[in-house]
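Which chain is which? The protein sequence lines are A and C, in order.
Per our numbering, the first sequence starts with residue 735, numbered consecutively.
Per our numbering, the second sequence starts with residue 50, numbered consecutively.
Any given hint might turn out to be false.
Unchecked claim - In the EDC-like style, the derived pairs of lysine to aspartate or glutamate whose C-alpha atoms are separated by at most 20 angstroms in a straight line are:
1. C/K259 to A/E878
2. A/K1021 to C/D185
3. C/K109 to C/D257
4. A/K1021 to C/D186
5. A/K1021 to C/E202
In short, the hints are calculated from the structure, not lab data.
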Amino acid sequence: MTDASAPNIVCANPVCRVAETGKCVEGMDLDKCPHYGRSPQPSMPEPKESVDGIRLAPGGTLNIGEAEVLLRAGETRVIAVIGPSDAGKTSLIAGFYDLFQEGAVAGVEFAGSQSLHEFEHVCHDARAASRRGTPHINRTPRGEVRFYHLDVAGDGDDALLSLVLADRAGEEYRGAIDDVSFVEGFPEVRRADTLTLLVDGERLLDPGARHNLRSEVTLILRAMIEGGAIQSGMRLAVVLTKKDLIYQSPRLEGTEADFADLVATIERQCEGVFSAVRPFRVAASPKTDAVRRGEGIDELLTFWLEPAPTVPTVIEPAPLPDRVFARLSPLDEAEERP
Amino acid sequence: MNERSVVIVGLPESGKSTFLGALWHLMTEGDKDTVLRLASLGHGDRNHLNALASRWRDAKVQDRTSTGGNRLVVMNLADRGGISLRVTFPDTAGEAYQHMWEERECDSDVADTLKGGNVLLFIHSDTLQAPMWVVDDAALSRRMGLPHVQNREVAWHPRLAPTQVQVVELLQFLRAGPLDTGPRRLAIMLSAWDKVAPEGLSPAAFLDVKLPLLAQYLRRNSRGWTSRIYGLSAQGGDYDPIEADAARKPQAEELRKLDRPSTRIRLLGDAPETHDLTEPLAWLMV
């Protein structure tokens, strides 16, 4: 049964679920969104026939419009993976996918992907077929944000959930430190359910580089906050990458202490900004077998999949009827006396 | 007569043509109790089917160049109740499916056949391209005391993707975009089962262990597949190459000595092992 008193919320963006979630799919304030309050428009076109044959789904990363179609289609978690260059953003995304090649991850199973072709491409240089001496992942080129897609489902739970993982060149996030207005061009951060901030373990190990790293990481986060990209209810994962290098280093304890101190600083600076802040340590694509490949990603996945916190939506009260009689409502029945 | 069609899908050399040759032999010979049987030879050209069956009886491999391009195979079958079924199988070269994964397009004729019905998917169980990682490969070399000789870097090509990834994408193609015809039944035929049977796994367990990404995809049933998994040994062993001067395989010689070629066929599913290749077909035609 529908609530006749609830306002009819519409949005011109066909993928926006503002009526259900109260959140703009592009992460904007409702009064600033150009689509809010207007009628929906058509969705993505079907693949067309080419000269040589029928074009099939490209299997690559998705652009923002294609990602929005997924958001509209069902239960979704948007994960923005941010951090300076070479922090391991693409390695994390690729390493996450690669774990499903061998089975379920933290009780979560693979159910499909629109990005299989690109996942395979990006994983190639860590695979034996590349005949490399050490695993390698190419840096993400500058340009528009791109989204990797995975459908997953948990143990004994048939409900599918789409994970949309945003990847963007680290230089662009680094640029937000110099000019906060850059943040306006990061829709993936505004729409994220979980912001995943990477801390480069290799740089944190380096006594000469660690101070600048800490500064960069905290300033990137600060730029996101001041740039208005952090939405109510968003979670923050602070992820120490390249755990394999740290665990083989004589500076293990010092680096662990540096990371704990950085997390404490972030928690202090971001008090009340995020609904949760949690640290993780991962080895997405280790250079040696000192730690398990993909170690720590299972815990991160569990955090990513946590239900999105409900955002309180301000609902305008229905106008009072003109006639006084129509304003009357039935009294609660008197409680039965013993 | 009822019309049925079954879509036969599989990467190159996954056992599709061998299956058709063995099936046609089984139907024409009629020496085994089968769920479906041959109702009539019917009109039309049976040359392709007869050639497939002939090579199969001779224990010679089904070479793609000799089977030639894409063919539509028609069999007039009948079920145990006497209901006649005209069954069509598109015998499409595995290269067409590889092309779909690599180039993200398919020929219009192939696309039409792929919309034809429920799906018989072949996977060669003994030539799986499993995912392996640089770090694991290096560790294995070290443990075995072997040098990890690399630095002959190989550039990315989609063909290098693991078998399970290519197969999952094929199934995703069939349930999306221009090839989607709604939920379908899927019989997975793990061919060359005799090669992997000594591992002692059931076909379903084999899928879990050797093709876990595909197993997860099917278990989550995210795209409306209803699936069954079979281990299939349609050849019964190694066959001779078709070249006249090629060395003969001792196993092929042994197979030719069998009085009844139909006994080479072994199909293992949920039910006890059988020679009946029509059991999965009958399930697909419901």
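Hint by hint, here is what the structure shows:
| no. | hint | in the structure |
| --- | --- | --- |
| 1 | C/K259 to A/E878 | violated (37 angstroms) |
| 2 | A/K1021 to C/D185 | holds (10 angstroms) |
| 3 | C/K109 to C/D257 | violated (32 angstroms) |
| 4 | A/K1021 to C/D186 | holds (11 angstroms) |
| 5 | A/K1021 to C/E202 | holds (17 angstroms) |
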